[in-house]
Amino acid sequence: MNRDALVWCLVVVAALGVAATVVLSRRAKAIAANKDRSEAALTQRLSEADGRLATLRAELHQHRTDHAKTIQEAEEAAEDSTKAVLKGSARFLQSLAAEQLALLEEIQRKYGGHSVLGDLLEVGHANAQMARKAQGIAVMCGAPLGRRSRAASVYDVVRSAQGQIRNFRRVEIMQQTGFALKASAVSPVALAVAELLDNAASFSQQGSPIEVTFQRVQKNLCIVIDDAGVGMNDEERQKATALLSGQYRPRLSQLGNQPKFGFPVIGLLSQQYGFRVDVTGVSRYGGVRAVVLLPEELWTEEETAPVNEAQPVVEQPGVPAARPEPVARTAGGLPRRGARQVPIASVPDQDTVGLPHVPAEEDAGRAAGRSLGAFQRGTLSGRNLSAAPSEGSDDT
Amino acid sequence: MSDEPEEELELTSSLVPFFVITNGRSLPPEHAYGHTTLVSASEHAATTVRTLTPEARQVLDLVMDGFLSVAEVAAHTRLPLGVVRILLAEMEDGGLIIARKPVPRAERVDREVLNAVLDGLRARFGA
Numbered sequence: 001m002n003r004d005a006l007v008w009c010l011v012v013v014a015a016l017g018v019a020a021t022v023v024l025s026r027r028a029k030a031i032a033a034n035k036d037r038s039e040a041a042l043t044q045r046l047s048e049a050d051g052r053l054a055t056l057r058a059e060l061h062q063h064r065t066d067h068a069k070t071i072q073e074a075e076e077a078a079e080d081s082t083k084a085v086l087k088g089s090a091r092f093l094q095s096l097a098a099e100q101l102a103l104l105e106e107i108q109r110k111y112g113g114h115s116v117l118g119d120l121l122e123v124g125h126a127n128a129q130m131a132r133k134a135q136g137i138a139v140m141c142g143a144p145l146g147r148r149s150r151a152a153s154v155y156d157v158v159r160s161a162q163g164q165i166r167n168f169r170r171v172e173i174m175q176q177t178g179f180a181l182k183a184s185a186v187s188p189v190a191l192a193v194a195e196l197l198d199n200a201a202s203f204s205q206q207g208s209p210i211e212v213t214f215q216r217v218q219k220n221l222c223i224v225i226d227d228a229g230v231g232m233n234d235e236e237r238q239k240a241t242a243l244l245s246g247q248y249r250p251r252l253s254q255l256g257n258q259p260k261f262g263f264p265v266i267g268l269l270s271q272q273y274g275f276r277v278d279v280t281g282v283s284r285y286g287g288v289r290a291v292v293l294l295p296e297e298l299w300t301e302e303e304t305a306p307v308n309e310a311q312p313v314v315e316q317p318g319v320p321a322a323r324p325e326p327v328a329r330t331a332g333g334l335p336r337r338g339a340r341q342v343p344i345a346s347v348p349d350q351d352t353v354g355l356p357h358v359p360a361e362e363d364a365g366r367a368a369g370r371s372l373g374a375f376q377r378g379t380l381s382g383r384n385l386s387a388a389p390s391e392g393s394d395d396t
Numbered sequence: 001m002s003d004e005p006e007e008e009l010e011l012t013s014s015l016v017p018f019f020v021i022t023n024g025r026s027l028p029p030e031h032a033y034g035h036t037t038l039v040s041a042s043e044h045a046a047t048t049v050r051t052l053t054p055e056a057r058q059v060l061d062l063v064m065d066g067f068l069s070v071a072e073v074a075a076h077t078r079l080p081l082g083v084v085r086i087l088l089a090e091m092e093d094g095g096l097i098i099a100r101k102p103v104p105r106a107e108r109v110d111r112e113v114l115n116a117v118l119d120g121l122r123a124r125f126g127a
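Chains as they are written, first to last, in the UniProt record's numbering: chain B, 1 to 396; chain U, 1 to 127.
It cannot be assumed that every hint is accurate.
[Unchecked claim] Take a look, some chain B residues computed to stay more than 12 Å from chain U by CB distance:
| no. | residue |
| --- | --- |
| 1 | Arg57 |
| 2 | Ala68 |
| 3 | Arg216 |
| 4 | Asn220 |
| 5 | Ser283 |
[Said to hold, decoys possible] What the simulated footprint calls covered on chain U by chain B, stretch by stretch (three residues with Cβ under 8 Å from a Cβ of chain B suffice, anywhere in the stretch; the number is not a length):
| no. | region |
| --- | --- |
| 6 | 13-19 |
| 7 | 22-34 |
| 8 | 81-87 |
Read the hints as simulated data drawn from the structure, not as lab findings. Quick caveat: nothing in here was measured; it's all calculated off a predicted structure. C-beta: ideal position from N, C-alpha, C; glycine also.
Take these sequences, add in the hints, and give me the full structure.
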């Protein structure tokens, strides 16, 4: 009885176990199937989302490119219109400054004997600096540079550049050369050298020297500018080289509040006129050594006449063939005075000399010279210089 | 930007401005290097010629053989008188030239003062 009951119990338990197992396995299967389904659905949604993301990314990229392009176009347009506006003003300033320089020179000649000349010379200095700035802005805006019609010695070109910076007395030109720059190269080289000198002066101590020397290296003529400044680090050197070679052309808007035109201007000029500028050297004072390298197309070895002389220099007295009159002449074509021995012949009458093409302005100068010469002759004959001259003598 | 051909600006002023020729020095005092002051190269001037600026060399060339007046130097070099005076002052400082001032003009005595003195003397001593 008891055993039966036990058996039945076991059977029931077994049956229940089997039933439970069956139920559980069914449930597990259902769950697994469910999981598979939802997984598949999720994967699909994921890939859909991925697809959408990709398109969105592409769109975004497109928008970004468009945006950048638009900005660049706008910047270029702004740059162009800024340049156009500035160019007009710069050209105006440029021509006004040039006019003023010429005018001032005339005034300086006119009042040459007056004490006001000292002030006029200072005004001339201020004016020359302004003219340089105007030229620089003009170059940045793509306007042409003012040009010179005559070749000039490299020495004078550097002196012209020297006059365009503030502390021009610090510049020392250590030697003179017979090399002459062709007329077309005079203005651009003068401006480039002026910018280099200005740079040298700005980045070195007040009062320290800035030395200019000339060197001929193979077919090139070099203008070497040494300063005693702090020099440049590698990054600055790289940047300067990029600017000077014209590889990198900054926009006007990138020049900043206190625009540094110098290197960009030199870069533009050197590309345009075919010379090279290098500032990577170290000067013998530990500062920067700037070298302007002029290829042979830009210069000649001929001596040029000094700046204010239009006529060729004739130094020897009594050159027979070229000139009919036996009077020795100065570079300006004026009769040359042979000192005290021949005081009367020193300033001959205009009629007897017959100078070829004498400009009107020269007449005035010569007339002044002549009247002064007459005055001088009077003084000399009055003092009877053949006797030993003793000033303020009262032994007569 | 429009690319129409632009006429270039012609620069007519001297390449080397006067203040560079004078190297920014100021004018010598009023009474120094007047029109008629005579200048001549000093004896050892010829040795230093190479280091001079072209203008100073030109001046030295002019006065190498004897005395020449400041006004004539200015006329020959075609530089303003003041510029020449500055150059001459510098050259004299450097011992390149010697300058000889003109004989000073006799001082003008005021006729009225003389008359007053004469009157005074007459009043005192009778005449």
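Now the hints, each set against the structure:
no. : hint   : in the structure
1   : Arg57  : holds, 38 Å
2   : Ala68  : holds, 23 Å
3   : Arg216 : holds, 18 Å
4   : Asn220 : holds, 22 Å
5   : Ser283 : holds, 22 Å
6   : 13-19  : holds (count 7)
7   : 22-34  : holds (count 6)
8   : 81-87  : holds (count 3)
In the structure shown, no violation is registered for any of the earlier numbered hints.
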